[in-house]
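2 protein chains.
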Amino acid sequence: MRIHVQNPAGESQFAVTEAQWSAALSRNPDMTGLEVSFASDEEGLTQALPEAEVLLSWVRPLRQRFPAGALPGAAPRLKVIACTSAGVDSAAPFEWLPDSVALLNNRGTHADKAGEFGIMAILMLQTRMPAFADQQRRGEWKPLFASTLEGRRVVIVGLGSLGGGVARRARQFGMRVIGVRNGPEPHPDCDETHATEALDTVLPRAEFLVLACPLTERTRGLLSRERIALLPPGARVVNIARGAVWDQDAICDALEAGHLEGCVTDVAVPEPLPADHRLWRTPGMVVTPHVSADDHARYNDRTLDILFENIRAMRAGRPMPNRVDPVKGY
Amino acid sequence: MRIHVQNPAGESQFAVTEAQWSAALSRNPDMTGLEVSFASDEEGLTQALPEAEVLLSWVRPLRQRFPAGALPGAAPRLKVIACTSAGVDSAAPFEWLPDSVALLNNRGTHADKAGEFGIMAILMLQTRMPAFADQQRRGEWKPLFASTLEGRRVVIVGLGSLGGGVARRARQFGMRVIGVRNGPEPHPDCDETHATEALDTVLPRAEFLVLACPLTERTRGLLSRERIALLPPGARVVNIARGAVWDQDAICDALEAGHLEGCVTDVAVPEPLPADHRLWRTPGMVVTPHVSADDHARYNDRTLDILFENIRAMRAGRPMPNRVDPVKGY
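Going down the list, the protein sequences come from chains A and B.
For the first sequence, our numbering gives the first residue as 878, with consecutive numbering after it.
For the second sequence, our numbering gives the first residue as 878, with consecutive numbering after it.
Watch out, some of these pointers could steer you wrong.
One copy or two, either will do: identical chains are not told apart, so a pair holds if it fits within one copy or between any two.
Said to hold, decoys possible - Here are the simulated SDA-like pairs of lysine to any residue, each with C-alpha atoms no more than 25 Å apart in a straight line:
| id | residue 1 | residue 2 |
| --- | --- | --- |
| 1 | K1205 | P949 |
| 2 | K1019 | P1160 |
| 3 | K1205 | L1080 |
| 4 | K1019 | W935 |
| 5 | K1019 | P1147 |
| 6 | K1205 | R1104 |
| 7 | K956 | R879 |
These are calculated hints, taken from the structure and not from any lab test.
Sequences are here, hints too, so could you generate the full structure?
Following this line, the structure appears as structure tokens:
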């Protein structure tokens, strides 16, 4: 089986290396019969495509590189495109993707890191770190006390790797975890789960709200101005999903009006956020530059383990666990 | 048994109330035969002292109120002084305390809250939040990635309530926890423990260092300039002990020189910290105003439970678990 690894051009620190490949093979000794090639330029990709059966690639170039109808001619043997990111929204819509090619996301690489980021954000908001950061800027020593997280309610929208990772940590701190996802089926780290349709009935109970869903046409603008108003006064919001999942201006307005007490966001519209954007300066807002789920030291190793797990499934005739449904978008 | 509760003057939000007292009695139904009085002024204290057998008081007024030799005359029946704070350093030295009076600290009220603050601080430093706070001030979107806490080493100095609470959380995140305390006996949440005398051999291994010991004559200046130099380059330090436990200026110097990557301190010399103090503006330093261990919503309830636990021990002729050794200072 021929596998081509297309690394991002000019960002060699993210590249999957031959050494990481070899190490992954030693961890997965059943992965025999694989021939691999590596490239980070257009020429390397063009050379590899005619023979490649599996393409491991970062997600951005896919849509541009393959206009609708182009892929079968360029890569006649291709069966699998594995993306190195968990979110594949930047490759949507998927009219360029033939039915014969399975698109895999990289779900599973991010759970631990996102769980740590999420609980850090919750702890910071509970401890009132945004207010203390303001005070530090002014040189003001004014204690504001806060209780522990035990028994407090957190609503987590999206229970994939990111949301699931946060739910697990929140449970360790004794929080009451309310999950919201497409269906109402239970989740091992949630005290309750609700379908997205029930979101409006859940929001008034959210002392903390964590957005951790993929960006799809269904979730774009999900936390609208009207829904922000449904949150209880003093609620705190964490966004590790995508900036387009909430109404960013309405969030800033709600912080300025004092309806929300604080926010931590790792995402923004646009990214990178321009220096003069109001998000940077909204009181109670903590902005981090899209780092909540990426663990570079361990990322590529997990990426390859996930790829091999999917190849293993394909060889055994089982469904590939990371296959994206192009209609759902994740 | 006559118990007098002396609340802090002019800070009624911290006062132990009669309602909290009644609730504590219902939780501890064996606590019969107690007569209680409450005051927050000097007159109320003077009135209560001649008959009081137990005095529950905040720690600050004790030394001033009772010069050496004064206590037996003012409070001839007094057997116990219970302090509402865990650290009793502000009442030291204890030449004012007769051997016939047991001094209790409030150890045990702070473990959960301190554990949450400690792991929040570690997560913030790991995630590089001090750098992101700088970037937010400048409106700069520049990702800096970090791995998870798993397998990273944290040295915790002091394994009382505060340090023990942090150790428990650090273990939940898969950290390797190295405890330092007076003796080398093991601690259930530490992978290793070492005596304070071995501190210099432990510091070079500290990716994270958490100061959580009481301030005593032995720990004053414990993290000296020389010991800061023993920390590995890029080390991160959290201080939830007292500002006098580290050399505050040497810490600022080490951050400015880039030897340390970041610090979170909840304590300072002096407190409150003046607006023009360098600590506020040292790069990589996060300052919070002495809030790491105080959980006001639950504090007085725990204080009374701890007091009753000690009275129970005294009545049964057992050692009181919170009794301070005036020579050790904690």
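Against the structure, the hints come out as follows:
1. Taking the shortest Cα distances, K1205 and P949 sit within 25 Å of each other inside one copy (23 Å), while across copies they are farther apart (78 Å).
2. In this assembly of identical chains, K1019 and P1160 lie within 25 Å of each other by CA distance both inside one copy and across copies; the values are 17 Å within and 21 Å between.
3. Taking the closest pair of Cα atoms, K1205 and L1080 come within 25 Å of each other only inside a single copy of the chain (24 Å); across copies the shortest separation is 52 Å, beyond that limit.
4. Within a single copy, K1019 and W935 get their C-alpha atoms only as close as 47 Å, which misses the 25 Å cut-off; across copies the closest is 20 Å, which meets it.
5. In this assembly of identical chains, K1019 and P1147 lie within 25 Å of each other by CA distance solely across copies; the values are 14 Å between and 35 Å within a copy.
6. Taking the closest pair of Cα atoms, K1205 and R1104 come within 25 Å of each other only inside a single copy of the chain (23 Å); across copies the shortest separation is 57 Å, beyond that limit.
7. With identical chains, the CA atoms of K956 and R879 are at most 25 Å apart within one copy only, with a shortest distance of 10 Å there and 82 Å across copies.
Every hint, counting from the list given before, is met by this structure.
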